[in-house]
Every structure is written in C-alpha cells, then in structure tokens.
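Asks: So the sequence lines, in the order shown, correspond to chains A and B. Quick note, the first sequence lines up with residues 1 to 478 if you use the numbering used here. Quick note, the second sequence lines up with residues 1 to 446 if you use the numbering used here.
Honestly, the hints are just simulated from the structure, not real lab data. In this text the structure is predicted, and so the values were computed from the model without any measurement. Hints are supplied without guarantee of correctness; some may be wrong.
Lysine-lysine pairs mimicking DSS-like chemistry, simulated, CA-CA at most 25 Å apart [stated by the list, open to error]:
id: 1; chain 1: B; residue 1: K323; chain 2: A; residue 2: K390
id: 2; chain 1: A; residue 1: K395; chain 2: B; residue 2: K269
id: 3; chain 1: A; residue 1: K390; chain 2: B; residue 2: K339
id: 4; chain 1: B; residue 1: K323; chain 2: A; residue 2: K356
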Amino acid sequence: MTSICFYFQVHQPFRIRNYSFFDIGRSDQYEDDQKNEEILNKVAEKCYLKTNRKMLELIQRHNGKFRICYSLSGTVIEQFEKYRPDVLQSFIDLANTGCVEFLAETYSHSLSFVYSKKEFVRQVKKHGAIIKKHFNQEPKVFRNTELIFNNELAVFMEQMGYKGVICEGVDRLLNGRSPNYLYKPVGAPKTKLLLKNHLLSDDIAFRFSDQGWKEFPLTANKFATWVHSVAGQGETINLFMDYETFGEHQWESTGIFNFLDHLPAEIFKHPDFDFKTPSEVIDTYPTRDTYDAHDFISWADTERDLSAWLSNSMQHEALKQIYSIEETVMNCGDPDLLRTWERLTTSDHFYYMCTKFWNDGDVHKYFSPYDSPYDAYMFFMNVFSDLECKLNDLKEATAATEALMKANQISLDLPVEANGTLEEVSPYNALMFFSNIYNEWEHKIKNSLNPDQVSLDFSTEVSNEEKDEEISDLKLAI
Amino acid sequence: MHNSVKNREEKFRFQKKFQGEKIKMRENLPKVLMLGWEFPPLINGGLGVACHDLSSAMSNFANITMVVPKSSLDFKTKNVNLIGINNIDPNAFSSHNKGNTPFTLHSVPADLNPYYTSTTDASATDKPGEGKKNANPFDIDNLYGGDVIKKVHQYSDITASLASTLNFDVIHAHDWMTMIAGMKIKQQTGKPLVVHVHSLEVDRSGPDSKGWVYDLEKKGMEYADMLMPVSNFTAENIYKYYGIDKQKMSVIHNGSTSVKSYQSKRNYKEKTVLFVGRLTRQKGPERFLEIAAKVLEKDPNVRFVMAGTGDYFRSMLEQSSYKNIGNRFHLTGFLNAEKLHYLFSVSDVYCMPSVSEPFGLSAVEAAHFGIPCVISKQSGVAEVLKGALTFDHWDINKAASHILSLLNDSVFKNKIVNDARENLDNITWDISAQKIMNAYSSRNFI
Numbered sequence: 001m002t003s004i005c006f007y008f009q010v011h012q013p014f015r016i017r018n019y020s021f022f023d024i025g026r027s028d029q030y031e032d033d034q035k036n037e038e039i040l041n042k043v044a045e046k047c048y049l050k051t052n053r054k055m056l057e058l059i060q061r062h063n064g065k066f067r068i069c070y071s072l073s074g075t076v077i078e079q080f081e082k083y084r085p086d087v088l089q090s091f092i093d094l095a096n097t098g099c100v101e102f103l104a105e106t107y108s109h110s111l112s113f114v115y116s117k118k119e120f121v122r123q124v125k126k127h128g129a130i131i132k133k134h135f136n137q138e139p140k141v142f143r144n145t146e147l148i149f150n151n152e153l154a155v156f157m158e159q160m161g162y163k164g165v166i167c168e169g170v171d172r173l174l175n176g177r178s179p180n181y182l183y184k185p186v187g188a189p190k191t192k193l194l195l196k197n198h199l200l201s202d203d204i205a206f207r208f209s210d211q212g213w214k215e216f217p218l219t220a221n222k223f224a225t226w227v228h229s230v231a232g233q234g235e236t237i238n239l240f241m242d243y244e245t246f247g248e249h250q251w252e253s254t255g256i257f258n259f260l261d262h263l264p265a266e267i268f269k270h271p272d273f274d275f276k277t278p279s280e281v282i283d284t285y286p287t288r289d290t291y292d293a294h295d296f297i298s299w300a301d302t303e304r305d306l307s308a309w310l311s312n313s314m315q316h317e318a319l320k321q322i323y324s325i326e327e328t329v330m331n332c333g334d335p336d337l338l339r340t341w342e343r344l345t346t347s348d349h350f351y352y353m354c355t356k357f358w359n360d361g362d363v364h365k366y367f368s369p370y371d372s373p374y375d376a377y378m379f380f381m382n383v384f385s386d387l388e389c390k391l392n393d394l395k396e397a398t399a400a401t402e403a404l405m406k407a408n409q410i411s412l413d414l415p416v417e418a419n420g421t422l423e424e425v426s427p428y429n430a431l432m433f434f435s436n437i438y439n440e441w442e443h444k445i446k447n448s449l450n451p452d453q454v455s456l457d458f459s460t461e462v463s464n465e466e467k468d469e470e471i472s473d474l475k476l477a478i
Numbered sequence: 001m002h003n004s005v006k007n008r009e010e011k012f013r014f015q016k017k018f019q020g021e022k023i024k025m026r027e028n029l030p031k032v033l034m035l036g037w038e039f040p041p042l043i044n045g046g047l048g049v050a051c052h053d054l055s056s057a058m059s060n061f062a063n064i065t066m067v068v069p070k071s072s073l074d075f076k077t078k079n080v081n082l083i084g085i086n087n088i089d090p091n092a093f094s095s096h097n098k099g100n101t102p103f104t105l106h107s108v109p110a111d112l113n114p115y116y117t118s119t120t121d122a123s124a125t126d127k128p129g130e131g132k133k134n135a136n137p138f139d140i141d142n143l144y145g146g147d148v149i150k151k152v153h154q155y156s157d158i159t160a161s162l163a164s165t166l167n168f169d170v171i172h173a174h175d176w177m178t179m180i181a182g183m184k185i186k187q188q189t190g191k192p193l194v195v196h197v198h199s200l201e202v203d204r205s206g207p208d209s210k211g212w213v214y215d216l217e218k219k220g221m222e223y224a225d226m227l228m229p230v231s232n233f234t235a236e237n238i239y240k241y242y243g244i245d246k247q248k249m250s251v252i253h254n255g256s257t258s259v260k261s262y263q264s265k266r267n268y269k270e271k272t273v274l275f276v277g278r279l280t281r282q283k284g285p286e287r288f289l290e291i292a293a294k295v296l297e298k299d300p301n302v303r304f305v306m307a308g309t310g311d312y313f314r315s316m317l318e319q320s321s322y323k324n325i326g327n328r329f330h331l332t333g334f335l336n337a338e339k340l341h342y343l344f345s346v347s348d349v350y351c352m353p354s355v356s357e358p359f360g361l362s363a364v365e366a367a368h369f370g371i372p373c374v375i376s377k378q379s380g381v382a383e384v385l386k387g388a389l390t391f392d393h394w395d396i397n398k399a400a401s402h403i404l405s406l407l408n409d410s411v412f413k414n415k416i417v418n419d420a421r422e423n424l425d426n427i428t429w430d431i432s433a434q435k436i437m438n439a440y441s442s443r444n445f446i
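Isolated chain A (complex conformation) (with noise of 0.2 Å):
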C-alpha cells in the first residue's frame, strides 16, 4: 500500500505599515489593517471559500476515504477570527468530517525555535491550545514555520510529546533515497518523520501553469501516472504546500480546482493507493532509515536553509533586536504589549527583508507588501523602536512603583499565568492602580506644607501612626 498525505500550509501575517521615523513615539498602529483586510479578503474569496468548499466535496464524494491535513497559524486564525468568521467556520466543517487533521506549529509562525526555546514553547502552547478551541483536535504531529528543521528539534518535539514532525525532503540529505518512506531522526527514537517530495509538490505548487514546463499542461491523469509509478517503491507520497496554491498562486483560469476535482478518482484508479493525514501515516508504516538533519533546513528558496530569514545583516539585526526584548516582554505583564511583540516575530517580516535577488528574489518580491527588502526593515525597525520606549517607559514606572510599594511594605503577589494568555487581574492592572496612588500622593505632598495636614483616600488597613511614618519616609524619598 503506498498512501497519499497532502498538507497544506494555511498562513497570513500581520503585516506592518510604511511606519516612519515621525512615528517613533506618536502612533501605536503598527499594522496595516486596511492591506491585511484587503489581503485576507482576496485569498479568502479566491482560495480559502473555494478550496474548502471543494474539498469537503470530494471528502463527501469519496466517503471519507480522501483524507487531508491542515496547519493553520495563529495568525491567520486571529485574522478569521477578525475579518472572517466564514472562513473559519468553513475549516470547522472540514474538521468535523472527521478526515482532516491539524496540525501543531507556532502560534506566529515565527523563528522562535532559532532564537528563543522559552518562546517557542510557549507559542507552540498556545497555538495547541487555539486549535483544540476552534477544531477540537489536540495536534500530535509537528511542523515547525515553513519546516524549519535539524535534529535538535526533533529531540526537543519528542521531549514535547509530539509523535511525528514534518519536514523538507532535502536532496543532499538524502543523497539518493526516496522521501517516499517515513525516516527516523537522530537523537529522538519515537520521532518518526514525514519528509516533503519536492518534486510532485512543486508540480503542483510551483509548476502547475508554467507553460514554458514540458510537462505543461498537468493534468490530474497524468499526475496520477507519475503517482502511481511509485508503487512497491514508496509507502508515503508527501505532498505539502501552500494552501494558497489552489486559487491564489494558481489562479482558477488555470484549471487548478479542475485538477483538484479529478485527483483523487484518478489516484483511486490503482487499488494499492489511499490518502491518510501524517498521524495515520506514523501510525500506519515504520521508519525505514535515519534522516541526518545536522544544520538547519527548510523548505524556503532552493537553498532550502535560512537564508530566506537569516541571509543579510539587516535580517540578524532586526531579529536578534526582537528577540532582545523577549524577557522585559514576558515581565511587562501587559497583554496588549505581548500580542504586538508576538506578532512581531513572525517570520514574514524578516523574509520581507530578504536581498536574495535571482530567481527566488522574485518570490519574496511577489509576497512583500513593501517596494524594498530596505523599507521593509526600515519600517520594522521604526516600530521596534517604539515598542522599546514603551517598554521602557513601563519600565521606568513599575521601578517607580515598586519603590512605593517597598516603602509602604505592600507586596505585589498577584498570579501570573504560565501558558502565554494574561487573566484580567494582571500585574499590570495592579501597577496602573499602584502608580496612579503613586501621583497622588507625590501631588499631595509636594503641594503641601505641612504633611500631617495630607488626607489618604485610599483603603489600605494601616493605622495612623504607620500612615504619618509612611508620609514622612516618602517626604524624605522625594
């Protein structure tokens, strides 16, 4: 038996404005809401309703036995959430056919697995937990942002539970073996993997409508055949892309839903092929060889590593600046914040900011919102500098605070979540409520001549004697 398991990519960032200078300090919009609005639109009108409505059918059609998998990030779900609640509702549908798996990644679709373990964790945390919300589906296999893989993270998804992690079928990792079989990493015994067969994905992804191709035009026939030859060679034919593809990338004028339509009777032709999702397929076949993943890969550019991310100085600037910042985020108890930093580590931004120009600059050219990889970082590096003097000034008032409440001997233990979301009753809360006693009193006292004439309209249960003491040690502070 040889199975089938198509994944698709599911993913839109939170794209920044042409934020300038003159905003440092002046304007809390970030993003581009109107261009994300617009964008998500777009693909949702022209692949997300329409793919999904088609594979519904064909999982109805062919009795559940056409099976799919979906990775959707936190992102794109916080967009439908947003923008459109059709589009998720649509996913749920498909979820609830019972054949379609989702699977874990990264809240932001971000390089925190390069960068920064604790955020990973955490993002990976709360990605599981948005799609166990929405889908009602705890992932057990993993992809990481545009399969960013090595060996570490196989290690560190099976320390995580994970039974399976998705990643790029690299050439030179293989060095001549089929990506058609599911391999073992090194390191992690339990962790089996599923490696991308880049080259029928790619006819599909990349191919499918380029006439200049000898293959031109691809039918779901003739794909079948080249599918089928697979037989007695392979036991899992990896076809991972972009959702995108159908619809988006692939316009419908190129008959891209035509092929869909056909693809799964044509594979049912041959009775030793089914579909399955990646945990069907893990459960289904054992690891037949070692996959030696040392360095980073990906499936990105046909580097197929980091350079997509990490090739130029303004990428490491503006990336290893982000993540900076990481623990004063975590500490700085505001939500708000977090989000803004959260969805600033998503990997997007630093692709935008790619100089790589030969024929993959032209698929970071067609996916930026911006006229240069230079304004991309430019603007990204305008908002982080406005996201650092927040902080900053955050800063500077819970030290202030702080201060106060050690002089007043008042603790500050208030619960702080572990999982990544805040509760309403945040430290931060605590420190507005904190500093604006703080102004108060420095009003009063500064305004006054005499300090036992100051009145406390505040309710703490403290005597007036400790109250008179408090005054005079904060008179002496100040």
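Fit chain B to the known structure of chain A by using the hints.
Replies: Same frame as chain A, now just chain B:
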C-alpha cells in the same frame, strides 16, 4: 522638440503676458544677467535656495534678470525679472543668434547626475506623491535626470538667443550647468562673465575626478573674468585642482535667511543627533554612521537620524544593521521643509561630516534652530560659523567626543549655541549681495 502648433501658440501668448508683467527697470542701478539652474519650484539642494535668496537680496542693489530652466507664476521673486525658458519658444529666435562657445566641447548623451545620484530602488527615491514625470526638454520637472548634457546645451542655446534681446552689464553664471550659456553670451556681447562657484566636480566625485563636467568647469572658470567661490575652502580647491589664479577670485560666503525656528517636544526620550543632506560620498554618510556607533558605545540613549536620500541609502541601512545599531539609527528619506524643520526642532546636535563641502547651508539652518553644530573642517561654513565644533572628516573619535560633550554638558552646549547665534548676524544674504556689488565695481564691471 517640435511642439504642436497649438502648444507653441499658447507659449507665445504666455510669453507676451509674461513680458507684459516685466519688472520695471530702475535706470540708476546696474543690470545683472543671472544664469541659474535650480530655482524654486525646482530645487534639489542648497543651490536653488542660494540662487533664489541671493538674487532677491541683490535686487536691492541692481536690476536682476534671472534665467532659469523652469519658472512658475507661484514663485515670483520681488524685484527680480525671472525668466523660465520653459515659457520661451526656442523657434522665436533665428538660428544665427544662438551664439558660439569660444572652444569646441565634444559631448555624448549622458545620464549625468551631478547633485543627486538616484538608486535603482524606486522606493528610496520616489515617495508617493513625489513621482518622477517623463521630462521633456524645458517642460522639465527633473533637472538632472535623463540626458542632462543635452538639457544644458538646450538651455545655453535658448539663453544665448534670449540674451541678444536683453540689456545688461554683467553676466553672472551659477555652477557648471550655466557655464556654456555664460561663455556664449560673453562671446557674443563682450560683457564680463562672473562665475559663482557653489560646488565643484572635485567636491562631488573626489579629487581624482576628470571628465566632461570637470573639463567644462575648468574651461568655464578660465574663460570667466571673475570667480566667486562660496568659501575659502572652495577657492583653495579651484586653485589646487583647476590651477586657476586666486587673484581672479573673490570669496562670497553664502548668507542665510532666518527661518522661523521653534522647539518641539520629542515623542521619545533619547537625545537626537541629526544629519541632513544627500546620501552621497561627498556628504560623508558613512562617517556619520561610524560616529554614531562610537557615540552609542558610550551612551546608548541617543538616536541618530539621517534626513535625505541618495545612492548610499541602502548601504546605510545595511551598515547600521551590521553594526547592531538598527534601533538607534534612523533614515527618513527625502523630507519637505516642514518635516525638516520639525526634525531640527527636536534635535540636540547637528552633525555634518562632509568630505568636501563648499559651504553647507544646512548647518546655518541648524544654528538658527539653536542646535549646536559638529561640522567637518573640510567645509566652507566652518569659516563663518565660528560657534561650532569642528573635526577633520576622517577623525571619527573627535567628532564622537564633541557630540558626547554637547549631549552631556549643557553649559558647554549653551556656549556654542550662543556663539553661533552671534555669528548668524554676519551670515546674511544682504552682506553677500553687498560684497558681490563691491567686487563688480572693484573690477569696473559696473
């Protein structure tokens, strides 16, 4: 070049109307024919400002006729008879009037860009709303794009023809773009030619520069009866690189028009060091970056802002990221006057690390805003703005320590600012205009 008949008729009509509004000649004052290139509304840098302000100041002492590539009714200058040759029909003059240069200049079409080197990055140069239009000769919006040499020739042909209909005592040409016209007019009228030198090819392209523009500058300055460099620094360069006798030169420092300065509150906490200028080799943008990195080593709470654009734009972003100061080093792109003034109003130090700066008007502007200036010794403005800290453009450490002192020592800073304020009284266009008139009469031009 042949416009449609209708267009031509319109132009004639415009010309008549325009000449009808001609400024009344004051017979008791000398008559100066000025040849300019940049002029409002077409301004790329300091040259346009200088020509406008200078001609305006000189109009108190002389009848000024200013011929520029493009004029607009929105930008009339009081008492200056402004002629934009975009409003003139070249065919209105017979060909024998077009004048000859005293020597042959061979030229090939060239996309020469002397003041502004564009990058291929459309975003860096063309911000929305400032898009380039396809420039037809003398229906132009782009002084330096396309075949600039062709534009220069057309300008000189038309201007020379026009000059034969005008009455003047002196020809006063600004920079190389108008030199051919100046030479032709001198050739055909015998009037004295004064060349006002705002900028040299050796400033823009380095001391080893050679080529058509250099040759033209050399020949033009040799043929001129008098040179008016904007600084001793430039006079020295003319002598050193063009071999022209200093006896022929009369240094006329630029003036400055006081702007309505104001102070604004910054939106962020960090102190700000400002650079204003084209991002080209001449202005030393890389030096500014190195200075920034040096200062930030000692004090991370400073922001460095570069206002302007040019062929170093991308390189500045890359290099600042390479030095890991991306969150403290900001580029704004090209700014209009309003934004620029705002930037002055929030800045704490102005830094001009030019490699070779004939004058440097922006430093004077900074002084008007009460910002202390740290400027390179290789600049003309250092000769008149004594209330400024100077450094050799290669001396990064010195510049950085100057900046740190100014940022941290308010007494010192106030001293510099006040000294500069006093200097400003002597940096006016009236003084420059007066000096020019004196220079004219010292040679009996008027």
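Asks: Are the Cα atoms of A:K395 and B:K269 separated by 25 Å or less?
Replies: With Cα atoms ~13 Å apart, A:K395 and B:K269 stay inside 25 Å; holds.
Asks: Does A:K390 sit within 25 Å of B:K323, going by the straight-line distance between their CA atoms?
Replies: With a Cα-Cα distance of about 24 Å, the restraint between B:K323 and A:K390 holds, given a limit of 25 Å.
Asks: Take the C-alpha atoms of A:K390 and B:K339, compute the straight-line distance between them, and say whether it is at most 25 Å.
Replies: holds, 24 Å
Asks: Under the criterion that the straight-line Cα-Cα distance not exceed 25 Å, is the pair B:K323, A:K356 satisfied?
Replies: OK: B:K323 and A:K356 at ~21 Å, within 25 Å.
The structure fails none of the hints (numbered hints given earlier).
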